[in-house]
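*Asks:* Sequence:
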Amino acid sequence: MMDISTVLLSILMFILMYIYYQYKKVKFFEKHGIPHIKPWPLYGNMAAILFKKTTLFHYLQDIYNVNKNAKYSGFYDFSNPNIVIRDPELIKLIAIKHFDHFVNHRSFFNPEVDPLFGNNLFSLHDDRWREIRNLLTPAFTSSKMKGMFKLMSNCAENFVDYLVKDSKEKPLEINSKDAFCRYTNDVIATCAFGISINSMKDKNNDFYILGRKAIDFEGNLVTLKFIFVEIFPKISKLFNIRIIDSKVDDFFKKILEDTIRTRDEKGITRPDMIQLMMETRASKTGPTLSIEDMTSQAFIFFLGGFDTTSSLMSFVVHEIAANPEIQTKLQNEIDEMFEKTNGDVTYEAVNGLAYLDAVINETLRCYPIAGFLDRVCSKSFELPPTLPGAKPHRLKPGDFIWFPVFAIQRDPIYFYEPEKFYPDRFIEDPKGTLNSPAYMPFGLGPRMCIGNRFALLETKVLLAHLVSKCQLKPGKKMIVPLKISKRSSVMTAEGGFWLEIQPRNQ
Numbered sequence: 184m185m186d187i188s189t190v191l192l193s194i195l196m197f198i199l200m201y202i203y204y205q206y207k208k209v210k211f212f213e214k215h216g217i218p219h220i221k222p223w224p225l226y227g228n229m230a231a232i233l234f235k236k237t238t239l240f241h242y243l244q245d246i247y248n249v250n251k252n253a254k255y256s257g258f259y260d261f262s263n264p265n266i267v268i269r270d271p272e273l274i275k276l277i278a279i280k281h282f283d284h285f286v287n288h289r290s291f292f293n294p295e296v297d298p299l300f301g302n303n304l305f306s307l308h309d310d311r312w313r314e315i316r317n318l319l320t321p322a323f324t325s326s327k328m329k330g331m332f333k334l335m336s337n338c339a340e341n342f343v344d345y346l347v348k349d350s351k352e353k354p355l356e357i358n359s360k361d362a363f364c365r366y367t368n369d370v371i372a373t374c375a376f377g378i379s380i381n382s383m384k385d386k387n388n389d390f391y392i393l394g395r396k397a398i399d400f401e402g403n404l405v406t407l408k409f410i411f412v413e414i415f416p417k418i419s420k421l422f423n424i425r426i427i428d429s430k431v432d433d434f435f436k437k438i439l440e441d442t443i444r445t446r447d448e449k450g451i452t453r454p455d456m457i458q459l460m461m462e463t464r465a466s467k468t469g470p471t472l473s474i475e476d477m478t479s480q481a482f483i484f485f486l487g488g489f490d491t492t493s494s495l496m497s498f499v500v501h502e503i504a505a506n507p508e509i510q511t512k513l514q515n516e517i518d519e520m521f522e523k524t525n526g527d528v529t530y531e532a533v534n535g536l537a538y539l540d541a542v543i544n545e546t547l548r549c550y551p552i553a554g555f556l557d558r559v560c561s562k563s564f565e566l567p568p569t570l571p572g573a574k575p576h577r578l579k580p581g582d583f584i585w586f587p588v589f590a591i592q593r594d595p596i597y598f599y600e601p602e603k604f605y606p607d608r609f610i611e612d613p614k615g616t617l618n619s620p621a622y623m624p625f626g627l628g629p630r631m632c633i634g635n636r637f638a639l640l641e642t643k644v645l646l647a648h649l650v651s652k653c654q655l656k657p658g659k660k661m662i663v664p665l666k667i668s669k670r671s672s673v674m675t676a677e678g679g680f681w682l683e684i685q686p687r688n689q
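Residue numbers for the sequence shown follow this note's numbering, beginning at 184 and rising by one.
By construction, these hints were calculated from the structure, which means they are not laboratory data.
The C-beta atom is built at its ideal place from N, Cα and C for all residues, glycine as well.
Wrong hints could be hidden among the right ones.
With a straight-line Cα cutoff of 30 angstroms, these simulated DSS-like cross-link-like pairs (lysine-lysine) come out [unchecked claim]:
no., residue 1, residue 2
1, K236, K386
2, K333, K574
3, K386, K333
4, K333, K437
5, K221, K236
6, K579, K275
7, K333, K666
8, K603, K562
9, K351, K660
10, K351, K333
11, K652, K669
12, K351, K603
13, K574, K221
14, K579, K384
Label pairs and their in silico Cβ distance ranges [to be verified]:
no., residue 1, residue 2, range
15, S473, D344, 20 to 26 angstroms
16, A573, S466, 28 to 34 angstroms
17, F291, K333, 46 to 52 angstroms
18, H215, S379, 55 to 61 angstroms
19, T511, N381, 30 to 36 angstroms
20, L276, L225, 30 to 36 angstroms
21, D309, L276, 28 to 34 angstroms
22, K210, E440, 51 to 57 angstroms
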């Protein structure tokens, strides 16, 4: 038996060896002559983010600005070196032309322990990702969006009518993020699962409650789990450390099983991704999906629609409320649409609202919900020299690269007065601005967000109903001007989103 002093000494030696190992790793960029901000031992460049001194997006902006002549710079995610690509043309080269070298995202989830996250389209790798992407893509074509439009419009109309009714006596102040989560919850429930829910009336429906639970990544315990899984993936796997509550797994699996059983028994066919996945059961050539596989894909679709789209709506509506001249211009365009359609909301009419498009696009430029994108190198690849006179840098399989979307879209080189919310930039130069390699709110290349059309359509139809019936102002609790929260790991407003609503006098 070892005495206590031997045990303590062994632990101390282990800690010192670990610190030395980590310290050697954080010399990587110095060794390769890549511009970077000096890291801390163990924390790398994550200390200021973990201690809530800044946001990850703004810190990456600092990394981005370390040397404005560099094609790329360096960021230490704890002890893991990540190449941050600054040059939009180089990003385009990597994400499109040489995509076969950078197919995968970095995976944080063990599919055996966290199947909802570990087996979904975002987390899948290589050929399995290609199979599932090809399978699901037909669910998001223009014709499928058109088929779902009426369902979305009904959800939006019910949602806005509820707000109008509640604001008739006096102006109503709401937590807009929470409210829009309820709207997106209803849209996903009806469009993907065929379930009719009104989350403004039924506040505590399971779909909404467990959706909130699934996206709650801000608690201290969840944060610690994320950090532990990232630093010690093998130990995490050994002890089955999971991020997502098993109740969420069980709920979505049961929902999917019930949906499939009902469709099979009643011969129901719907133009959605669940139908496409169900059809794999009879396939002899393509991929065959188990219930667990289907649940994972349906869940990531739910999560994207529920959380990221409601965040986009919150930012859009805040900017509309904070800029009366933009709101007036938008009201005029939407009122004119209703006059032309005799009060009807049609797929073609909503997609013809050019100024609404511009407002949404400008919001995505200022507040890209995915403030950065990542890729993992799968085949050896040579980057050009980061600076004139420097040597090329060879990426090895397993190396990480990041695309700093927020920083690039706030760079005055690419966007005039980038800190100004100015939707007309997308009217004045629609093709040039939208097609700029510096504009990538949904990503780019084959791994571009598969649900971007769905997200944009449910946002447009909501705004068409909301702006036509309501006058919007920033709520009294809203921090103005808007600041991006340092306390959250996702793109959101400091202090939350607060909106004041009153019916329009029409």
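*Asks:* Could you run down the list of hints and mark each one as holding or not?
*Replies:* Comparing the hints with the structure gives:
1. Distance restraint check for K236 and K386: the Cα-Cα separation of roughly 35 angstroms exceeds the 30 angstroms cut-off, and the hinted pair is therefore not satisfied.
2. As the CA atoms of K333 and K574 are separated by approximately 56 angstroms, the hinted pair breaks the 30 angstroms bound.
3. At roughly 23 angstroms between alpha-carbon atoms, K386 and K333 fall within 30 angstroms of each other, so this suggested pair holds.
4. A threshold of 30 angstroms between alpha carbons decides the hint, and for K333 with K437 the separation of about 27 angstroms falls inside it, so the pair holds.
5. As the CA atoms of K221 and K236 are separated by approximately 16 angstroms, the hinted pair is consistent with the 30 angstroms bound.
6. Between K579 and K275 the CA atoms are separated by roughly 19 angstroms; this keeps the pair inside 30 angstroms, and the hint holds.
7. Distance hint between K333 and K666 is unfulfilled; the C-alpha atoms sit about 35 angstroms from each other, more than 30 angstroms.
8. A hinted pair counts as satisfied when its Cα atoms are at most 30 angstroms apart, and K603 with K562 does not qualify at roughly 40 angstroms.
9. The suggested pairing of K351 with K660 holds, with an alpha-carbon distance near 20 angstroms, which does not exceed 30 angstroms.
10. For the proposed pair K351 and K333, the alpha carbon gap of about 27 angstroms is at most 30 angstroms, so the pair holds.
11. Proposed proximity of K652 and K669 is contradicted: the alpha carbons are some 34 angstroms apart, above 30 angstroms.
12. Between the alpha carbons of K351 and K603 the distance comes to roughly 34 angstroms, so the proposed pair goes past 30 angstroms and is violated.
13. Using a Cα cut-off of 30 angstroms, the hinted pair K574 and K221 holds, with the two alpha carbons roughly 21 angstroms apart.
14. Restraint check: the Cα-Cα separation between K579 and K384 comes to about 54 angstroms, which exceeds 30 angstroms; the hinted pair is violated.
15. Between S473 and D344 the beta carbons are some 41 angstroms apart, a value that contradicts the proposed interval 20 to 26 angstroms.
16. For A573 and S466, the Cβ-Cβ distance of about 51 angstroms falls outside the hinted range of 28 to 34 angstroms, so the restraint is violated.
17. Our hint of 46 to 52 angstroms for F291 and K333 is violated, since their Cβ atoms are close to 38 angstroms apart.
18. Restraint check, H215 to S379: a C-beta distance of roughly 57 angstroms satisfies the suggested window 55 to 61 angstroms.
19. Roughly 31 angstroms separates the CB atoms of T511 and N381, a value that falls within the hinted 30 to 36 angstroms.
20. L276 and L225 have their C-beta atoms about 34 angstroms apart, which keeps the hinted 30 to 36 angstroms range intact.
21. For the hinted restraint 28 to 34 angstroms between D309 and L276, the CB-CB distance of approximately 21 angstroms leaves it violated.
22. As the Cβ distance of K210 to E440 is approximately 52 angstroms, the hint placing it in 51 to 57 angstroms holds.
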